[in-house]
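The task is simple: from the sequences and hints, build the whole structure.
Residue numbers for the sequence shown follow this note's numbering, beginning at 221 and rising by one.
Worth flagging that the hints you see were computed from the coordinates, not collected in a lab.
Keep in mind that a hint or two might mislead.
[Claimed, not checked] Listed next, the in silico SDA-like pairs over lysine to any residue satisfying Cα-Cα at most 25 Å (straight line):
1. Lys343 / Met363
2. Lys285 / Glu263
3. Lys267 / Met342
Computed from a prediction, not measured in an experiment: that's the story for all the values here.
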Amino acid sequence: MKDILVSRQFLDDKNAELIARVSSGSVDRALSYLESQYINRRELVKKRILEIFTCDINRLFEIAKEWGSEADFLLDDIDLLKMWWRDLIIYNLSSNREVVLDVETTGMLEKHLGKTSYANLMKNYRLFDTIYSDIIRRINRQMAMERLVLGLRESINEEDSRSTL
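In structure tokens, the structure reads:
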């Protein structure tokens, strides 16, 4: 799959490998990722997550407002978060990078989160599931994204307070 994406000049080597991994070898799925601006959204979501780790409370609400206004991308963005946290959970349990879909992002998250407990990773994963369901049920998007960013920030603070005990 990766070689096809590179040879047809759709993507560079690094991004082709990523798309090949997340599409599980499906050409149709890989092409849909290309059409959905997957790479660009991935970078934007990564930037937002990094910012959530470090920004002040006012910026958290700005991030939620920006994200909530992007209705066309919300579900895909939450799918990205779910994939990354799935990778973190599996890596946390097995230490096997072979089963990680997005190695680069998982490494980046690992660096910023430090050693995060399985319970906390699962708490975030369930949060993503809840927010996803809320958006499908047409709950206010901005409020849903406020819950998401505040929930992520809270879990980071919980881990920080545990590590200082």
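Worksheet item: Of the numbered hints stated previously, which ones are contradicted by the structure, given in increasing order?
Response: No hint contradicted; all consistent.
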